[in-house]
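Starting from the known structure of chain A, arrange chain B on it as the hints suggest.
Number of protein chains: 2
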Amino acid sequence: MKTLFTEYIYHISGVKNLVYSIQEAIEILSRTPRVLRVLLTGLDPIWLNFRKQDQAFSPLDVVGHLILGEKTDWIPRMKIMLSSEGSKEFPPFDRVGFDKSLSLDVNLKLFEDLRRENIDILRTMVTETDFQRTGIHPEFGEVTLEQHLATWVVHDLTHLFQINQTLAYRYKETVGPWIDYLKILQV
Amino acid sequence: MKTLFTEYIYHISGVKNLVYSIQEAIEILSRTPRVLRVLLTGLDPIWLNFRKQDQAFSPLDVVGHLILGEKTDWIPRMKIMLSSEGSKEFPPFDRVGFDKSLSLDVNLKLFEDLRRENIDILRTMVTETDFQRTGIHPEFGEVTLEQHLATWVVHDLTHLFQINQTLAYRYKETVGPWIDYLKILQV
Numbered sequence: 002m003k004t005l006f007t008e009y010i011y012h013i014s015g016v017k018n019l020v021y022s023i024q025e026a027i028e029i030l031s032r033t034p035r036v037l038r039v040l041l042t043g044l045d046p047i048w049l050n051f052r053k054q055d056q057a058f059s060p061l062d063v064v065g066h067l068i069l070g071e072k073t074d075w076i077p078r079m080k081i082m083l084s085s086e087g088s089k090e091f092p093p094f095d096r097v098g099f100d101k102s103l104s105l106d107v108n109l110k111l112f113e114d115l116r117r118e119n120i121d122i123l124r125t126m127v128t129e130t131d132f133q134r135t136g137i138h139p140e141f142g143e144v145t146l147e148q149h150l151a152t153w154v155v156h157d158l159t160h161l162f163q164i165n166q167t168l169a170y171r172y173k174e175t176v177g178p179w180i181d182y183l184k185i186l187q188v
Numbered sequence: 002m003k004t005l006f007t008e009y010i011y012h013i014s015g016v017k018n019l020v021y022s023i024q025e026a027i028e029i030l031s032r033t034p035r036v037l038r039v040l041l042t043g044l045d046p047i048w049l050n051f052r053k054q055d056q057a058f059s060p061l062d063v064v065g066h067l068i069l070g071e072k073t074d075w076i077p078r079m080k081i082m083l084s085s086e087g088s089k090e091f092p093p094f095d096r097v098g099f100d101k102s103l104s105l106d107v108n109l110k111l112f113e114d115l116r117r118e119n120i121d122i123l124r125t126m127v128t129e130t131d132f133q134r135t136g137i138h139p140e141f142g143e144v145t146l147e148q149h150l151a152t153w154v155v156h157d158l159t160h161l162f163q164i165n166q167t168l169a170y171r172y173k174e175t176v177g178p179w180i181d182y183l184k185i186l187q188v
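As they're listed, the protein sequences go chains A and B. Here the working numbering is used: position 164 in the first sequence is 165, and no number is missing along the way. Here the working numbering is used: position 125 in the second sequence is 126, and no number is missing along the way.
Among these hints, one or two may not hold up.
Identical copies carry no separate label here, and so any pair may be met within one copy or between two of them.
Unchecked claim - Computed list of lysine-lysine pairs in DSS-like fashion (alpha-carbon distance at most 27 Å, straight line):
hint : residue 1 : residue 2
1    : Lys89     : Lys101
2    : Lys72     : Lys89
3    : Lys53     : Lys184
4    : Lys53     : Lys89
Keep in mind that the hints were calculated from the coordinates and are not lab data.
For reference, chain A alone in the conformation it holds in the complex (with noise of 0.2 Å):
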């Protein structure tokens, strides 16, 4: 893993790339909800509930994995970290216990309006001098805000990552021999 790290070090223009901002997350962050609109809604249910297998999530259910984030994890565990009193340990984030009842349009105007707050707070709680305060993750023990927000954009992408594998997946025996090409099918 450390090799293939400074390999990647290696070939990019410079450490600014690399660098956490507040802003430039934001620019991700907000998009999330409105990419989920546009390649989710009027989507016919056979691709809106494919699942890769039976304990994957489906589309469907990585919307209301993302709305149970909202609610429980990134604000919550960030006011954890910004607080000067109170226990710095967080409490376990439980990633399948959103609703499953819910359509998908209530579930994404449900995201949507969690996401838009969470942003708010952000913007307007946190600055750089931060960045360096800690919490306890239950596993990993003690974590950085700088990691923990890192991770809120890109915990985001891998779940749009996700939700492309499994629309992917429907086709996987179906383009035959071209599935050498298609990193998607592979990982």
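Only chain B this time, still in chain A's reference frame:
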């Protein structure tokens, strides 16, 4: 690979879920330009021009590559397979031969227009009875129209994944220990 696929087949609820359909494919194909517009428009150039490595595509490059596919791959090869005359051999596809001087806005508009025209051609020229028509791929040999058309869909999704992954790599180091949970940074 064979074992993995069998396992996956076992998990899905019905084989119908895996069958290529023109109408369902168009649902994805028609969304891609809109997803790209929502995801990329207005992003800081630091995001738009980021690359995982020297030779990797930036998000901007991906749009150029997709335009090239619309012009020289999906429909031209489809027409070769549908034609009763001429060679069945596909000309090779130059995946990097796109115009790197165009702005994001120009590229997005170009891609939207080409995709709309190409979906119209797909809708009017092809029916299920054509799915087993064949062409000769420069590397794979004989391939079917159904494989080619399914690949068009998965190709969109793999490049959306590529963009998400490229954006995520900016924070590959910054996320700290969370890298273990973020699949997009591991593939």
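Evaluation of the provided hints:
In this homomeric assembly, Lys89 and Lys101 never come within 27 Å of each other (Cα to Cα): the closest approach is 31 Å inside a single copy and 49 Å across copies. In this assembly of identical chains, Lys72 and Lys89 lie within 27 Å of each other by CA distance solely inside one copy; the values are 18 Å within and 56 Å between copies. In this assembly of identical chains, Lys53 and Lys184 lie within 27 Å of each other by CA distance both inside one copy and across copies; the values are 15 Å within and 15 Å between. In this homomeric assembly, Lys53 and Lys89 never come within 27 Å of each other (Cα to Cα): the closest approach is 37 Å inside a single copy and 35 Å across copies.
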